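Student: Quick one: dock chain against chain with the hints and give me the complex.
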Amino acid sequence: DAGVIQSPRHEVTEMGQEVTLRCKPISGHNSLFWYRQTMMRGLELLIYFNNNVPIDDSGMPEDRFSAKMPNASFSTLKIQPSEPRDSAVYFCASSLAPPGAPADTQYFGPGTRLTVL
Amino acid sequence: LAKTTQPISMDSYEGQEVNITCSHNNIATNDYITWYQQFPSQGPRFIIQGYKTKVTNEVASLFIPADRKSSTLSLPRVSLSDTAVYYCLVGDRGSTLGRLYFGRGTQLTVWP
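Sequence lines, in order, name chains A and B.
Its first residue numbered 328, the first sequence is counted upward by one per residue in this note's numbering.
Its first residue numbered 2, the second sequence is counted upward by one per residue in this note's numbering.
Just chain B, with the same shape it has in the complex (with noise of 0.2 Å):
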């Protein structure tokens, strides 16, 4: 199983766009890259799932090199309400024994 490296914690401000790189230099071919945001006092959410290349959706956008291995989450413009843990996780989609690791994730704290 693909191992994940990311930052424990990370600062910014209102209106700034944070990049949150994870690296996952194990990555096998059949892996996917996830990502799940954690506010406090609830469960993960999920945020963003790729393959390669990039991805976006209505709340981020995902950059994968063509190596695989690393990524990163892009969040443009945060608010004070995008502060949460942010997980990078790396699954096998080639079998259904496959299963996820969450490990400690990246605070993300931003302010005013």
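Pulled out of the complex, with its shape left as it was, chain A reads as follows (with noise of 0.2 Å):
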């Protein structure tokens, strides 16, 4: 298996610009997890999927961040406008399970590094 692809790995953009970053979970699971690191907060869990439902977003810093999962391939974390505090490396993460549940490794993409200038 490929692992989870997120695209693009780095984005550079200015302030006020919509950023569209995307992630392809493994094949087969059911959960995926979008989370936000910085150097000062460490890593954040922004909101997570189970079976293509949001059931956790109370991480999502504010309405400028949105998510979407369309289907069992696909997500995006949309960030509208953006702004220079959204600067920081976006993981995007899936597993089997979801969390409490057996099986419920998660297993974390590259990353997308953004800047917003």
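Think of the hints as simulated: they come from the structure by calculation, not from any bench.
Fair warning: there could be bad hints in the mix.
From chain B, some residues computed to sit far from chain A (all C-beta separations above 12 Å) [stated by the list, open to error]: (1) D12; (2) G16; (3) Y37; (4) Q39; (5) F47; (6) E59; (7) A61; (8) V79; (9) L81.
Taking lysine to any residue and the SDA-like style, the derived pairs with C-alpha atoms no more than 25 Å apart in a straight line are [as the list claims (entries may be wrong)]: (10) B/K53 / A/L423; (11) A/K351 / B/R46; (12) B/K4 / A/V416; (13) B/K55 / A/Y434; (14) B/K4 / A/P388; (15) B/K4 / A/T432; (16) B/K70 / A/K405; (17) B/K4 / A/P335; (18) B/K70 / A/N379; (19) A/K351 / B/F47; (20) B/K70 / A/T432; (21) B/K4 / A/G369; (22) B/K4 / A/E371; (23) B/K53 / A/T432; (24) B/K4 / A/E389; (25) A/K395 / B/Y102; (26) A/K405 / B/G104; (27) A/K395 / B/Q43.
Model, not experiment: these values are computed from the prediction.
In this text, a Cβ means the ideal position worked out from N, Cα and C, and glycines have one as well.
Tutor: In structure tokens:
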């Protein structure tokens, strides 16, 4: 398996622009997670889906952030409008089962490094 | 949700055994303890998971005392390639609404 795939790997944009990050989870995995990592705050969970349904989005910082999972093999994280404080590495992860269930080990993608100027 | 506390950083030399201790005083009955490892420019990777006593795999050992208020990740004979950030997580296995907090982890630096 190719593992979790994220695109783009790097994104540089200007403040106010829309940014869309993409993720393809491991085939057969039913849970998908979006994380954000910064030096100051470490690794934070933004949202997670189970069977394409958002289960916990309490980590989404504000209305500028939105995430969708239209099918089992694709998810997007959108920031509109972007701000410099959104600069971070965004990771997507997937697991066979949701947190709390057997086989809940999360497999992470390589991340997208976002820079908002 | 149980909060975890672990050292921000640790240093070691090649060939030594490294023990990273994590405190989780408010751990609940249904909580499991999981450790992840993250190399620079990569996403975290699962290392080991346990509920009580001792768990060992090909990478590490996890020691959990009877009260489960702490846990220790043990890395035998570390090498330079073990330089990474190590995260201790406590997660509720009793609910599908459970979530995992990674926090800032422990930066382990292995020197020659």
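Student: Against this structure, judge whether each hint is valid.
Tutor: We went through each hint and held it up to the structure:
1. D12: holds, 19 Å
2. G16: The claim stands: B/G16 keeps its Cβ more than 12 Å from every Cβ of chain A (closest is about 29 Å).
3. Y37: violated, 8 Å
4. Q39: Non-interface label on B/Q39 violated, nearest chain A Cβ at 8 Å vs cutoff 12 Å.
5. F47: Answer for B/F47: violated, closest chain A Cβ roughly 5 Å.
6. E59: Holds: least Cβ distance 15 Å, greater than 12 Å.
7. A61: B/A61 is indeed farther than 12 Å from all Cβ atoms of chain A, at 15 Å.
8. V79: Given that every Cβ of chain A is farther than 12 Å from that of B/V79, nearest at about 22 Å, it holds.
9. L81: Non-interface label on B/L81 holds, nearest chain A Cβ at 22 Å vs cutoff 12 Å.
10. B/K53 / A/L423: Holds, at about 24 Å.
11. A/K351 / B/R46: holds, 17 Å
12. B/K4 / A/V416: holds, 23 Å
13. B/K55 / A/Y434: Holds - the C-alpha atoms of A/Y434 and B/K55 are around 24 Å apart, at most 25 Å.
14. B/K4 / A/P388: Holds, at about 20 Å.
15. B/K4 / A/T432: OK: B/K4 and A/T432 at ~19 Å, within 25 Å.
16. B/K70 / A/K405: Given pair B/K70, A/K405 is violated - Cα atoms ~39 Å apart, limit 25 Å.
17. B/K4 / A/P335: violated, 33 Å
18. B/K70 / A/N379: violated, 35 Å
19. A/K351 / B/F47: holds, 19 Å
20. B/K70 / A/T432: Holds, because 22 Å separates the two Cα atoms, which is no more than 25 Å.
21. B/K4 / A/G369: Holds, at about 14 Å.
22. B/K4 / A/E371: holds, 14 Å
23. B/K53 / A/T432: Measuring from Cα to Cα gives roughly 18 Å; hence the hint holds.
24. B/K4 / A/E389: Holds, at roughly 24 Å.
25. A/K395 / B/Y102: holds, 22 Å
26. A/K405 / B/G104: holds, 23 Å
27. A/K395 / B/Q43: Roughly 24 Å separates the two Cα atoms, so the pair holds.
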